[in-house]
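Q: Okay, here's what each chain looks like letter by letter:
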Amino acid sequence: MSYQLHGSTFESDEEGYITDISLWNEELADLIAQDEDIEMTDDHWEVVNFLREYYEEYQIAPAIRVLTKAIKKKLGPEKGNSGYLYELFPYGPAKQACKIAGLPKPTGCI
Amino acid sequence: MNAEIATEFDTEGVQKNFMFVNRKAPYGSIYALEALEMVLISAAFEQNAVIAFIDDGVYQIVKGQDTKAAGMKNFSPTFGVIEMEKEDADEDPDIDMVWRIVVERDSMEQRGLTAEDFSIAVEVLDSAELADLMNAQDVVLSA
Numbered sequence: 055m056s057y058q059l060h061g062s063t064f065e066s067d068e069e070g071y072i073t074d075i076s077l078w079n080e081e082l083a084d085l086i087a088q089d090e091d092i093e094m095t096d097d098h099w100e101v102v103n104f105l106r107e108y109y110e111e112y113q114i115a116p117a118i119r120v121l122t123k124a125i126k127k128k129l130g131p132e133k134g135n136s137g138y139l140y141e142l143f144p145y146g147p148a149k150q151a152c153k154i155a156g157l158p159k160p161t162g163c164i
Numbered sequence: 262m263n264a265e266i267a268t269e270f271d272t273e274g275v276q277k278n279f280m281f282v283n284r285k286a287p288y289g290s291i292y293a294l295e296a297l298e299m300v301l302i303s304a305a306f307e308q309n310a311v312i313a314f315i316d317d318g319v320y321q322i323v324k325g326q327d328t329k330a331a332g333m334k335n336f337s338p339t340f341g342v343i344e345m346e347k348e349d350a351d352e353d354p355d356i357d358m359v360w361r362i363v364v365e366r367d368s369m370e371q372r373g374l375t376a377e378d379f380s381i382a383v384e385v386l387d388s389a390e391l392a393d394l395m396n397a398q399d400v401v402l403s404a
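Those sequence lines, one after another, are chains A and B.
Just so you know, the first sequence maps onto residues 55 to 164 in this note's numbering.
Just so you know, the second sequence maps onto residues 262 to 404 in this note's numbering.
No wet-lab data here; the hints were simulated from the structure.
Just so you know, even glycine gets a beta-carbon here, dropped at the ideal spot from N, CA and C.
Do not rely on the hints blindly, as some may be mistaken.
30 Å max Cα-Cα, derived DSS-like pairs, lysine-lysine [unchecked claim]:
1) B:Lys277 to A:Lys123
2) B:Lys324 to A:Lys127
3) A:Lys133 to A:Lys149
4) A:Lys159 to B:Lys329
5) B:Lys277 to A:Lys126
6) A:Lys128 to B:Lys347
7) B:Lys324 to A:Lys126
8) A:Lys149 to A:Lys128
9) A:Lys159 to A:Lys128
10) B:Lys347 to A:Lys123
11) B:Lys329 to A:Lys127
12) A:Lys128 to B:Lys324
13) A:Lys127 to A:Lys159
14) B:Lys324 to A:Lys159
15) B:Lys285 to B:Lys334
16) A:Lys126 to B:Lys285
17) B:Lys329 to A:Lys149
18) B:Lys347 to A:Lys126
19) B:Lys277 to A:Lys149
20) A:Lys149 to A:Lys159
21) B:Lys277 to B:Lys347
22) A:Lys149 to B:Lys334
23) B:Lys334 to B:Lys347
24) B:Lys324 to A:Lys123
25) B:Lys324 to B:Lys334
26) A:Lys126 to A:Lys159
27) A:Lys133 to A:Lys159
28) B:Lys324 to B:Lys347
29) B:Lys277 to A:Lys127
30) A:Lys159 to B:Lys277
31) A:Lys128 to B:Lys334
Estimated spans, in silico, between C-beta atoms of each pair [said to hold, decoys possible]:
32) A:Lys127 to B:Gly373: 34 to 40 Å
33) A:Ser62 to B:Ser388: 35 to 41 Å
34) A:Ile75 to B:Asp393: 39 to 45 Å
35) B:Lys334 to A:Gly70: 39 to 45 Å
36) A:His60 to B:Glu384: 32 to 38 Å
From chain B, some residues computed to sit far from chain A (all C-beta separations above 12 Å) [unchecked claim]:
37) Ala304
38) Asp317
39) Lys334
40) Gly341
One chain only, chain A, in its complex shape (with noise of 0.2 Å):
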């Protein structure tokens, strides 16, 4: 599998995970969201900006229960819930939310 994006190919992995995490950037994050059926908001960038950063500090991606944990620490309890996150992301917040990111696949199933 691979996106398309300005006449590149980013390559992918088969569940649509990109390969190479150095060359993400947000227009790639935009097709990937598309192909999630993912319209993306500021709510959206909010989690996935936090994921990425999260990656930066940590070099993995976390699972749920940490993610929804680390949300509420930073922005709230009202955001800080698996409710909220799944509203953003129903096909799983960590899975869809970590590939928009262009993270690897958290391990933990969702």
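Starting from the known structure of chain A, fit chain B onto it as the hints suggest.
A: Relative to chain A, chain B alone:
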């Protein structure tokens, strides 16, 4: 579909005391990284955990690792997640788990290290204290 929606696990009544004993240098084998993943998974189920570093395992948490020449990913920043889990467990009354991060004194000193050389905050224990702690666990996993 229900399985996908269920994000909370009911772990009430199945909490155990785990000790993860890390004995090997971080690179050159997969043991250290696999053990780290296991520790992170135990957090997802709110299990009590002692994460112990002994022998060459103390090198796993040394500051300033550079793995470029080895051509491997430097996963030492991920130990910061363990430290964060421990802090959350200590501070958040909603989280019912106890975590300790410990280093065996002899292993540390024999390698010319002090607690200041580690990237995360640790308790330094004598081997007798560590043995007592190990005896108090339900499950001891070594890697």
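Q: Check the structure against each numbered hint from earlier and tell me which ones fail, lowest number first.
A: 11, 16, 33, 35, 36, 37, 39, 40
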